[in-house]
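Colleague: Since the structure of chain A is already known, use the hints to place chain B on it.
Protein sequence lines correspond, in order, to chains A and B. The first sequence lines up with residues 0 to 250 when you count with numbering that gives the first Met the number 0. The second sequence lines up with residues 0 to 195 when you count with numbering that gives the first Met the number 0.
Hints in this document: simulated from the structure, not taken from any laboratory. Possibly wrong hints are sitting among the right ones.
Unchecked claim - 27 Å max Cα-Cα, derived DSS-like pairs, lysine-lysine:
{"#": "1", "chain 1": "A", "residue 1": "131", "chain 2": "A", "residue 2": "157"}
{"#": "2", "chain 1": "A", "residue 1": "243", "chain 2": "B", "residue 2": "107"}
{"#": "3", "chain 1": "B", "residue 1": "108", "chain 2": "A", "residue 2": "157"}
{"#": "4", "chain 1": "A", "residue 1": "59", "chain 2": "A", "residue 2": "118"}
{"#": "5", "chain 1": "B", "residue 1": "107", "chain 2": "A", "residue 2": "242"}
{"#": "6", "chain 1": "B", "residue 1": "107", "chain 2": "A", "residue 2": "157"}
{"#": "7", "chain 1": "B", "residue 1": "190", "chain 2": "A", "residue 2": "243"}
{"#": "8", "chain 1": "A", "residue 1": "131", "chain 2": "A", "residue 2": "178"}
{"#": "9", "chain 1": "A", "residue 1": "243", "chain 2": "B", "residue 2": "108"}
{"#": "10", "chain 1": "A", "residue 1": "157", "chain 2": "B", "residue 2": "109"}
{"#": "11", "chain 1": "A", "residue 1": "178", "chain 2": "A", "residue 2": "243"}
{"#": "12", "chain 1": "B", "residue 1": "32", "chain 2": "A", "residue 2": "239"}
{"#": "13", "chain 1": "B", "residue 1": "109", "chain 2": "A", "residue 2": "242"}
{"#": "14", "chain 1": "A", "residue 1": "37", "chain 2": "B", "residue 2": "190"}
{"#": "15", "chain 1": "A", "residue 1": "37", "chain 2": "A", "residue 2": "59"}
{"#": "16", "chain 1": "A", "residue 1": "37", "chain 2": "A", "residue 2": "243"}
{"#": "17", "chain 1": "A", "residue 1": "242", "chain 2": "B", "residue 2": "108"}
{"#": "18", "chain 1": "A", "residue 1": "243", "chain 2": "A", "residue 2": "118"}
{"#": "19", "chain 1": "A", "residue 1": "178", "chain 2": "A", "residue 2": "37"}
{"#": "20", "chain 1": "A", "residue 1": "178", "chain 2": "A", "residue 2": "118"}
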Amino acid sequence: MVAKRIIPCLDVRDGRTVKGIHFVGLKDVGDAVELGRKYADEGADELVYLDISASHEGRKTFTELVERIASRINIPFTVGGGISSLDDAARLLGAGADKVSLNSAAVRDPQLIDRIAAKYGNQFVVVAIDAKQIDGVWRATTHGGRQLTDRELFSWAKEAQERGAGEILFTSMDHDGTKNGYPCETYARLTDELSIPVIASGGAGSIQDIAEVLTAGQADAALAASIFHYGEIPIPHLKKELKKMNINVRL
Amino acid sequence: MIAIVDYDTGNLRSVVNALQRVGAEYLLTSDPKTLLEADRVLLPGVGEASTAMARLRERGLDETIRSLTRPVLGICIGMQLMCRHSEEGDAACMGIFPTDVCRFTPDKKKGVKVPHMGWNTLTDLSTPLFNQVEEGAWVYYVHSYAAELCAATIARTENGTCFSAALHTGNFYGTQFHPEKSGSVGEQILKNFLAL
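Same shape as in the complex, but just chain A (with noise of 0.2 Å):
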């Protein structure tokens, strides 16, 4: 059976990977081609990038350093932060993504997810939702969890998978950057909803946490950036303690 997969994420500035807690105070970890490659050899099963440069300079970085990626990386990778059409879709194809990752842009324009589908496939669409709890429903928020929209998670990750989405990356913004774990209902419930994989995202203190969203959140993923950046949780560690577990990961 397919292996539940382990993700690191980099966040990438002008073509060095930084990780901030809460997204804001910024702290830079290294180059961003060297650490993937690092986590490649160490077990990694995928990576993303995400471009967080604001501007258009910043963004030109990051296709030539997509490029870079693709040359040296010799496991799959997704590459998401601005993506806004399908020119930009095809752009880092072209640079040589194995998927893009959709936040914002598919808030606004849920059609991007339809166009991007149907051009380079469903497997090539990831969508991103950041969502927090409000009064008991998860609503989904864009700008790093700053602005709230109306789009509610439940529908709008169905909606996205209907409209050609192969993968949901779901962060919890109430979880993201506490190290307290995932949680882990609104994930099972997630998972059953879907039919394509889920990836969570944010939270992840411990091997546990991960373990536990793995097997009880039923997700068939996990991504974390810190704790692997910092040397917090190594992945050979991490993927032999689940295999310990009885979670079926690539060793």
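Modeller: Relative to the frame of chain A, chain B by itself:
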């Protein structure tokens, strides 16, 4: 020289990058004569089977590929096009491998999702394509259709049911998985193909 068949089905970049990583010389071509002269031919492919098959036919490449006598490797859709028939777009294919390509059936209880996307294991390996590759080695897949097991199956993978992870008939090989995205195992398989 390794010829990569360029028949306008999208991204050949990952295959090109993988060949560069293993230090192989290659060219991209849709010219039948160049394919006939090549030492090795790679048939990659992404997209939809009936469209991809139509593009091969438009260029007369289906006939050329069938007539090749040196090692040929089809990857993913490339391998599927070398089978008899694909359910995707009801496509008549090249008929090199004696099997048909069918869609996976999702099964929540068994945890079978479609597309079959991610890492899965290879078993029952045979032929030199898998030299130095262990039983149970992990490779990367992205597909919704798969070739049924047959006499030409040289590796199998399970996703609800078992399917042909790789096929072999004469000088023709095919992998459903993506060796170019399968880490060091994939690189070994590409090296093995180049050494056939």
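Colleague: The structure should be examined with respect to each hint, and the outcome stated for every one.
Modeller: Results for each hint:
Of the pairs offered as hints, the one joining residue 131/A and residue 157/A holds, with about 17 Å between alpha carbons and a cut-off of 27 Å not exceeded. Taking the CA atoms of residue 243/A and residue 107/B, the gap is near 24 Å; set against the 27 Å cutoff, the hint holds. Restraint check for residue 108/B and residue 157/A: the C-alpha separation of about 20 Å stays at or below 27 Å, so the hint holds. Taken as a hint, the residue 59/A and residue 118/A pair is honoured in the structure, with Cα atoms around 23 Å apart against an allowance of 27 Å.
As the CA atoms of residue 107/B and residue 242/A are separated by approximately 22 Å, the hinted pair is consistent with the 27 Å bound. Proposed proximity of residue 107/B and residue 157/A is supported: the alpha carbons are some 16 Å apart, at most 27 Å. Between residue 190/B and residue 243/A the CA atoms are separated by roughly 33 Å; this puts the pair beyond 27 Å, and the hint is violated. Restraint check: the Cα-Cα separation between residue 131/A and residue 178/A comes to about 16 Å, which is no more than 27 Å; the hinted pair holds.
The hinted pair formed by residue 243/A and residue 108/B meets the criterion: a straight-line CA distance of about 23 Å does not exceed 27 Å. Under the criterion of a C-alpha separation no larger than 27 Å, the hint pairing residue 157/A with residue 109/B is consistent with the structure, at around 21 Å. Our distance criterion of 27 Å between C-alpha atoms is met by residue 178/A and residue 243/A, whose separation comes to about 22 Å. Taking the CA atoms of residue 32/B and residue 239/A, the gap is near 51 Å; set against the 27 Å cutoff, the hint is violated.
With a C-alpha separation of about 19 Å, the suggested pairing of residue 109/B with residue 242/A holds against the 27 Å cut-off. A threshold of 27 Å between alpha carbons decides the hint, and for residue 37/A with residue 190/B the separation of about 22 Å falls inside it, so the pair holds. For the hint pairing residue 37/A with residue 59/A, the CA-to-CA distance comes to about 24 Å; that is within 27 Å, so the pair holds. A hinted pair counts as satisfied when its Cα atoms are at most 27 Å apart, and residue 37/A with residue 243/A qualifies at roughly 24 Å.
For the hint pairing residue 242/A with residue 108/B, the CA-to-CA distance comes to about 21 Å; that is within 27 Å, so the pair holds. For the hint linking residue 243/A to residue 118/A, the alpha-carbon distance of about 41 Å lies beyond 27 Å, and the restraint is violated. For the hint linking residue 178/A to residue 37/A, the alpha-carbon distance of about 23 Å falls within 27 Å, and the restraint holds. Between residue 178/A and residue 118/A, the direct Cα distance comes to roughly 38 Å. Violation of the 27 Å bound is thereby established for this hinted pair.
When the structure is compared with the earlier hints, violations turn up for hints 7, 12, 18, 20 and for no others.
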